[in-house]
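*Asks:* Chains as they are written, first to last, in the working numbering: chain A, 1 to 498; chain B, 1001 to 1330.
Just so you know, the hints here were simulated from the structure itself, not pulled from any lab data.
Check before you lean on any hint, since a few could be wrong.
[Said to hold, decoys possible] No more than 25 angstroms apart at the CA atoms, straight line, and that leaves these computed lysine to any residue pairs for SDA-like:
{"hint": "1", "chain 1": "B", "residue 1": "1111", "chain 2": "A", "residue 2": "193"}
{"hint": "2", "chain 1": "B", "residue 1": "1317", "chain 2": "B", "residue 2": "1243"}
{"hint": "3", "chain 1": "B", "residue 1": "1317", "chain 2": "A", "residue 2": "187"}
{"hint": "4", "chain 1": "B", "residue 1": "1280", "chain 2": "B", "residue 2": "1310"}
{"hint": "5", "chain 1": "B", "residue 1": "1061", "chain 2": "A", "residue 2": "400"}
{"hint": "6", "chain 1": "A", "residue 1": "351", "chain 2": "B", "residue 2": "1239"}
{"hint": "7", "chain 1": "B", "residue 1": "1323", "chain 2": "A", "residue 2": "190"}
{"hint": "8", "chain 1": "B", "residue 1": "1190", "chain 2": "A", "residue 2": "56"}
{"hint": "9", "chain 1": "B", "residue 1": "1190", "chain 2": "A", "residue 2": "351"}
[What the hints assert, rightly or not] Output of the computed footprint for chain A on chain B, the stretches with three or more beta carbons under 8 angstroms from beta carbons of chain A:
{"hint": "10", "segment": "1050-1061"}
{"hint": "11", "segment": "1086-1094"}
{"hint": "12", "segment": "1133-1146"}
{"hint": "13", "segment": "1254-1267"}
{"hint": "14", "segment": "1283-1296"}
{"hint": "15", "segment": "1299-1306"}
{"hint": "16", "segment": "1319-1330"}
[To be verified] If you only want the chain B side, here are some residues facing chain A, beta carbon under 7 angstroms, derived:
{"hint": "17", "residue": "1074"}
{"hint": "18", "residue": "1106"}
{"hint": "19", "residue": "1198"}
{"hint": "20", "residue": "1202"}
{"hint": "21", "residue": "1246"}
Owing to the predicted nature of the structure, the values given are computational and were not obtained by experimental measurement.
Backbone N, C-alpha and C define an ideal beta-carbon position, used for all residues, glycine too.
The primary structure of each chain is shown beneath.
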Amino acid sequence: MDIFNNLVFGFGIAFSLQNLLYCLIGVLVGTLIGVLPGIGPMATIAMLMPLTFNVPPVTALIMLAGIFYGAQYGGSTTSILVNLPGETSSVITCIDGYQMARQGRAGPALAIAAIGSFFAGTVCTLLIALFGPPIAELALKFNSPEYFSLMLMGLVAAAVLAQGDMIKSLAMVTVGLLLGIVGTDVDSGAQRFSFGIYELADGIGFVVVAIGVFAIAEIVSNLGDPEERMLSTLKVRNLFPTKEDLKQSIAPIFRGTAIGAFFGVLPGTGPAIASFSSYMVERKVARDPSRFGRGAIEGVAGPESANNADAQCKFIPMLTLGIPASGAMALMLGALMIHGIAPGPTVMTQKPDLFWGLIASMWIGNLMLVVLNLPLISIWVSLLKVPYRLLFPAIMVFSAIGIYSTNNATFDLYLTALFGVFGVVWRKLGCSPVPMMLGFVLGPMLEENLRRAMLISRGDPTVFITRPISLAFNIATVLILIVMAAPAVRKRWNKITG
Amino acid sequence: MERRNRMKTLKVIFLISVSLMIAGAAYAQDYPTKPVRMIVPFAPGGASDVVARILTPGLVKELGQQVLVDNRAGASGNIGVEVAARAPADGYTILLGNIGTMAINPGLFPKFPINPVRDFVAVTEVVDVPTSLAVHSSVPVKTVKEFIEYAKARPGKLNFGTAGPGSNGRFEMELFMRQTGIDLVHVPYKGGAGAAAIGLLAGEVQCGFQTLASIMAHVNSGKVKVLGIAATKRVAALPDVPIMPELGFANMKSGSWQGVYVPAGTPRPIVNKLFSAFIKVLSDPEVIKRLNSNGAEVVTSKSPEEFAVFMKTENEKWWKLVKEVGVVME
């Protein structure tokens, strides 16, 4: 009953007028920056941090946290409506979410994204309250070999599960891996493929690539094909999901939440991996995988739950161990320190008001987001009635503002335009950009962890099979390959013996 | 009515022409008459950015103008440094540089066109973020001396984690290794000081020079031990931990310092005005408290000249070391 008392105590704190107000401000700002492409929660938290100097630490953290998870809700909006990923984590939502919008089902897509996110948020809030500290300890067991094996499994699974032309998918994964090589070599500091351009020293920005190949390419294609253009302004069929939609979404939401929670507690994974993995899993377990990419609601429900679960669970290592699992979490640790609180395992016992107040406020914040987002759907959907000749310049302008404001660099705008061109070419060639994005995200992490694992083991590759967690991932990878290859082998065998 | 307007216009024209005539002296005295931009060559949320954002409210009060933080991250801070160096030398662009951008990078990027000593006027140091020699709890040592002995018995066996091949944590350890004759393996992390701290916490690497801010929580929980701190005086949060100069490492008395710069050629009165504004802001107890709780100690220069001398010494010290280690990031 301890947990119960603690939660009651937490809600008591979160329900104070000031805390509710700051929570509301946080989630509102979060939704807004989530909708805007480029501007991420990290930059926003950094800029708004001085505003929290004069409020109690728990209030400050409630607001900053609200911005962070609020962005996950907002990020899906533009992905679904206009194929423009608002956040890194909502890139995958573009695929089926946007197709749903084109079929006049933007409302259900937006609603299911909000509902899935809310469910994931609720589960993860409970998870933090119940099992926070032991989970965080477990996350520390993940060193470079474990991360490498995990990423390898992800990459293999993605390649195997890729739909359509296998060769094209592999080619696109390779392109993504190659793009991920650009920048400073992690060990030696040498510049790779940066051509003396300082803006390329830190690699190519994820947002730059995503907006180029999704949003810009979409606009160019729409304008190039007058028939297609009409589709985006199709009549809206219904605003809310049907019973059938909900039934189809329940399992993906559960799975997405579990996947997101898993990746959320691991400090070494970025924001895109959880939603990518969820999408891959959904397509694999679907009875009819060919529906994916053509407006399958599971392709929205799963990843959107996963990215919110990921965001919420990033708080576990931060609150219980003082480990920043992402840049935004590092900022929140900074905010705590400015208020004179030393982050770490002692926060829970010495500052219970902060710990439980924040947890309770996260659930309240999630509730606020659903209540905010569901009525907003009709407004968002009506946006689609705007004639495309007015809509597309607006998308371009917002994309440009968002990209520029990430690094204050005009170079990023040129680069986005270049990726827009690539996106159009790939589209014409029938190459899906999704495997490319996956390679682009996983590649650098795969490389970094492989090289670090090798450095630490002094070049001994058995480190990947002597460590139990790493071994488990590698066995799974082999199983995936076998399961994939089995039907083909059996066919061959039958033919030979046949 | 009309005449009064005309009189007004004439007056304005007169004032403008007069002010143009005595521009050099007068505009320095009126400075600042428009918002000032502070370039932070790192991303929002980094250690430099936090310092900038703690300082700006006070600066706004002192200068009577808005101060805008302009994050120009990328290429180890070089992008922001170049933007600042190429800005007009009128005091409306100031740079918050640090040990990396102003002292270590020149050695790492020999082709980079900007030379911090030549192309900037140093205004004042603002903070020093003490770095500490930290070891994982599994390493059975309690003092720096014991650590040296432990490492000497295991040449090439221990790893030290850093925030990258060009980070100051790396060069501090290289310096330490050269002075003590121990041999550790460098393990760089991507993703800044946070990632390297996690590596230390998880025991993937056994030691490293880390800012106190990034490991303080783990020192409290006993997962990480701090053996020595690079600073000029003991740190309030860890009064029992000796500083490196006490242990005979005379050249390890500053950690990751940060300072304010303006482009070379900025008029002297403006430099002075900025200097006194920063000194004033940095004496505000509230500002000191905020910086302290973020792991930064307030360290100001006695004069812009003193900071210029400090910066030159630092440049020479790190240049020599970078050449010795042989890292080139181009």
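*Asks:* Would you mind marking each hint as holding or not holding in the structure?
*Replies:* To see whether the hints hold, each was checked on the structure:
A hinted pair counts as satisfied when its Cα atoms are at most 25 angstroms apart, and residue 1111 (chain B) with residue 193 (chain A) qualifies at roughly 17 angstroms. At roughly 20 angstroms between alpha-carbon atoms, residue 1317 (chain B) and residue 1243 (chain B) fall within 25 angstroms of each other, so this suggested pair holds. Annotation: proposed proximity of residue 1317 (chain B) to residue 187 (chain A) holds, straight-line Cα distance about 23 angstroms (limit 25 angstroms). In summary, the hint linking residue 1280 (chain B) to residue 1310 (chain B) is supported, as the alpha carbons are separated by about 21 angstroms, within the 25 angstroms threshold.
Distance restraint check for residue 1061 (chain B) and residue 400 (chain A): the Cα-Cα separation of roughly 34 angstroms exceeds the 25 angstroms cut-off, and the hinted pair is therefore not satisfied. The suggested pairing of residue 351 (chain A) with residue 1239 (chain B) holds, with an alpha-carbon distance near 24 angstroms, which does not exceed 25 angstroms. At roughly 15 angstroms between alpha-carbon atoms, residue 1323 (chain B) and residue 190 (chain A) fall within 25 angstroms of each other, so this suggested pair holds. Between the alpha carbons of residue 1190 (chain B) and residue 56 (chain A) the distance comes to roughly 33 angstroms, so the proposed pair goes past 25 angstroms and is violated.
Among the hinted pairs, residue 1190 (chain B) with residue 351 (chain A) is inconsistent with the structure: their alpha-carbon atoms are about 32 angstroms apart, more than 25 angstroms. Coverage of the segment 1050-1061 of chain B by chain A holds. Counting CB-CB distances below 8 angstroms, 5 residues qualify, and the rule asks for three or more. Counting residues of the segment 1086-1094 of chain B whose CB lies closer than 8 angstroms to any CB of chain A gives 0, so the stated coverage by that chain is violated, three being the minimum. For the segment 1133-1146 of chain B, the assignment as covered by chain A is violated, since 0 residues bring a beta-carbon within under 8 angstroms of that chain's beta-carbons and 3 are needed.
Check result for the segment 1254-1267 of chain B against chain A: violated, 0 residues qualifying (beta carbon to beta carbon below 8 angstroms, three or more required). With a cut-off of 8 angstroms between beta carbons, the segment 1283-1296 of chain B has 5 residues touching chain A; three or more are needed, and the interface restraint holds. Counting residues of the segment 1299-1306 of chain B whose beta-carbon sits less than 8 angstroms from any beta-carbon of chain A gives 0, not enough to reach three: the coverage restraint is violated. Only residues whose beta carbon comes within less than 8 angstroms of a beta carbon in chain A count, and the segment 1319-1330 of chain B has 4; three or more means the coverage holds.
Annotation: interface hint on residue 1074 (chain B) holds; nearest CB of chain A at approximately 5 angstroms, less than 7 angstroms. With 7 angstroms as the threshold, the beta carbon of residue 1106 (chain B) stays out of range of chain A, its nearest partner Cβ sitting at about 14 angstroms, so the hint is violated. Annotation: residue 1198 (chain B) was flagged as interfacial toward chain A, and the flag holds, the nearest CB pair being 6 angstroms apart, inside 7 angstroms. Given hint, residue 1202 (chain B) at the interface with chain A, holds; its Cβ is 5 angstroms from that chain's nearest Cβ, closer than 7 angstroms.
The beta carbon of residue 1246 (chain B) is not positioned within 7 angstroms of any beta carbon in chain A (closest approach about 25 angstroms), and the interface hint is therefore violated.
The structure fails to meet hints 5, 8, 9, 11, 12, 13, 15, 18, 21 from the earlier list, while all remaining hints are met.
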